[in-house]
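What follows is the residue order along each chain.
2 protein chains.
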Amino acid sequence: MSCVKDNELDRMRNEVLEITKEILRLVAKRQSLCAEIGKLKQAKGLSIEDPSAERILREAITKEALALGIEKDFAQRLTTQLIEECIKVQPKPPEKKVLTHRDIARMAEALERQGVRVIRMDVGEPDFRAPSVVVERAYQEMKAGRSRYTEPKGKQELRQAIADYVKMRFDADVKADQVIATMGGAFGVYLALASTVSPGDEVIVIDPSWPIYKSCVRYVGGRPIVLETRLEDGWEPNLDELNEKISAATKAIIMNYPSNPTGKALGKKTFKGIVEIAQDRKLTLISDEVYADYNFTGSEHNTVLNYPEVSYVLISSFSKSWGMTGFRVGFVISDLDRANKMAAIQSMLITCIPEFIQYAAIEALKCLDEAKKNSEVMRERAEAVCKALEPLPVSFYKPDGAMYVFPRIDVKGIDGSEFAVKLLENKNVSVAPGGAFGNYFNYFRMSLGQPKEVLVEGVKRIGEFLSTLS
Amino acid sequence: MSCVKDNELDRMRNEVLEITKEILRLVAKRQSLCAEIGKLKQAKGLSIEDPSAERILREAITKEALALGIEKDFAQRLTTQLIEECIKVQPKPPEKKVLTHRDIARMAEALERQGVRVIRMDVGEPDFRAPSVVVERAYQEMKAGRSRYTEPKGKQELRQAIADYVKMRFDADVKADQVIATMGGAFGVYLALASTVSPGDEVIVIDPSWPIYKSCVRYVGGRPIVLETRLEDGWEPNLDELNEKISAATKAIIMNYPSNPTGKALGKKTFKGIVEIAQDRKLTLISDEVYADYNFTGSEHNTVLNYPEVSYVLISSFSKSWGMTGFRVGFVISDLDRANKMAAIQSMLITCIPEFIQYAAIEALKCLDEAKKNSEVMRERAEAVCKALEPLPVSFYKPDGAMYVFPRIDVKGIDGSEFAVKLLENKNVSVAPGGAFGNYFNYFRMSLGQPKEVLVEGVKRIGEFLSTLS
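Protein chains in written order, with our numbering: chain A, 36 to 505; chain B, 36 to 505.
Since the hints were derived computationally from the structure, they do not count as laboratory data.
Mixed in with the good hints, there may be bad ones.
Computed beta-carbon distance windows for the label pairs [said to hold, decoys possible]:
1. Arg204(B) - Arg496(A): 22 to 28 Å
2. Lys487(B) - Ala179(A): 20 to 26 Å
3. Asn49(B) - Glu271(A): 35 to 41 Å
4. Met203(B) - Ala179(A): 38 to 44 Å
5. Ala179(B) - Lys307(A): 18 to 24 Å
6. Gln191(A) - Val151(B): 15 to 21 Å
According to the in silico footprint, chain B covers these stretches of chain A (three or more CB under 8 Å from chain B) [what the hints assert, rightly or not]:
7. 49 to 61
8. 174 to 180
9. 211 to 222
10. 319 to 325
11. 401 to 407
12. 452 to 465
Each residue gets a CB set at the ideal place from its N, CA and C atoms; glycine is no exception.
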């Protein structure tokens, strides 16, 4: 080891430091420029985030990275950091306070604690009980000591039972190794995103949508890009608009049909159209089908499982079909590579789901009649609620499935958050404000997790309240 | 809106793009310099990662950021990205294949499927059953329909029971709102790290350690900085070394006493010393105390709960004390702000833990005798195993607690992974290779989750196998 060489290393390290400082100086210059742009945008009433300007920047950076021999993904991650810091230094407009169904639920619970009887249509939780055979099975296994660690994906027996179930139910060919038993559908959404999205990536979310999709995309460092659908179009997504939303940074599309909150189910043509776009543009299609069993149309449920040619993650759950919300058990299915990636994350974060609950899930899969009965009850409720809504000053899509109705309030100047709060205060009826699901501030969501008579009484009170507004 | 102003916006945006490109060019230049440094280091036999050079760089960058008015944390995150890319372009030495306890467990299970009886000392799972009152309570609640969503932190009743428990057990003053019921201790580790670490931050991990700490730090974008402890020092962490490991980028220290895998418990002086360092350097102390109840020393367990003046997260679990691994229930305690942050993450990712399991946990907290009995059994096992190990060519620390013994193999040229595989093949005894826990390749971990006689027979076979090696 010569002294000369040591000096050489020091000299090179020093040069690295100087370059890093120079980068920092450019970053500072970039930021002060961004602050100026922010002021200019504010003066002009433009919004801070500007997806089209960002897209131009991103595409130029990809090109430059290629020319310089820098890894494209690294260049994009770096750009994301710069954009985020840039947004931070720009002046922000006052934020619109949007209440979610959870805020309303908390207010409803506070009223209930005071002894007030509230008609609860806020949270998306069916009132059905788990089948008694499911409860008994969980107990028997627990008593027999089946409360040990299992493999992270879940026991082979459960995964095979799920594979058999989707074969029988959807004629889908799936191997047990492609299946992971997850902590409910929510953790399935997280696993799908965490295994697909790197910081700076974009994910298309079809609005109105369950708020967790967007927050979870942000949580894993991605950016949700919203494709809005409209009541006037029967909540049908426009495939040309979808195509336009996709950029070089897009990695996935999340969709959820039958839809929370609209109750919309997709016809085969549109479903297939989205699959084809995902395939063409090399995106992963994340399909949350937790409401597959609540289908009122009589036609078959369209599932991503029937399109194994596209990169997909199916998300499902035992919560809704079998009234098992508090068991926290669901499943995801995908190609084997991604399943292994998701299993590694599940293994690190939660080890596995409780062993006896895995057996309870096996039992639930045998209770097909119970799921069918629950679906029929939901259909009757939707029917009754829609009929009761008919004379009210609201417009709505009659749900094809799921467990919600999502009416627009046709009274001028009404805000969904304010409406939900006042409705609760004046009529003791709790609904979810539309703004929680996207840019739908004059909408509200009614959850059908109560007996029909209760729901109809709720709608009656909503009608009374609306009549005081117009 | 004047045309001049529009042009102004375009001009500024263009300038931002040009600056970004210039940054990218400097990044490319930096990378090629790093590649050269890598070659030079390789030629000189130096390792690629160089914490001291990195520290000098980081400190210079913090200073420069301050001078430029750039947020310090952002500058550090950016530096981390640059360093990581720099490491990527440097030539790597061939990677040492390290097997973990899970690899060995899989091999053991494969043997078991062939009908071979394996003495299992690989996975850290006690063989105790959950108390029967716990099982019955879970069943009763399940039958009564308590399988619904709860608040994300867990039911008030459970959180109050945990607060009362730590008051009684450790004389710790904690409010129910500071407590979150989590999916086992593992999810607690994740919540602690996810709420503390931003990409590029450093976290001190005291080795040898449970491998999940390092992988989880990396998973949330941080860098684990290892403080090694040594058998020769009785696994006592050196506080001067700890101080030296802390840099401007350090956010937290993770510690786990009684320790998996060494069985070491800290005396009050060292424990307090670490608390003081964390407090001085404004770090969060993440203290995984899942083995608090397996304490063989007769002296009090030292808990971070008794030092509310430091920023902390306590991690605990029902898995070990009450043989409830497969219930997947644990808890974290921290200051209220951080608890709320962790609850928001838990809410998004898993909603809550199963409702009836929350009641089961309440019941477990009443079974103090059962936890004490289990601890006594572990103490006897540790005693017996140590006695049986005595005549073997191994050196080890006699555990103060936890459920492991971590011997060093005093036979030249032996590698822990190879040892574990051959021991399993030749003697049907499964242990965890030391390399999984850090730079301890000639060690192995024995888990005490089996009856004493079985463990002693295992040690006997280990002795036979070792005698064939020397």
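Hint check, failures only: 1, 4, 5, 10, 11, 12
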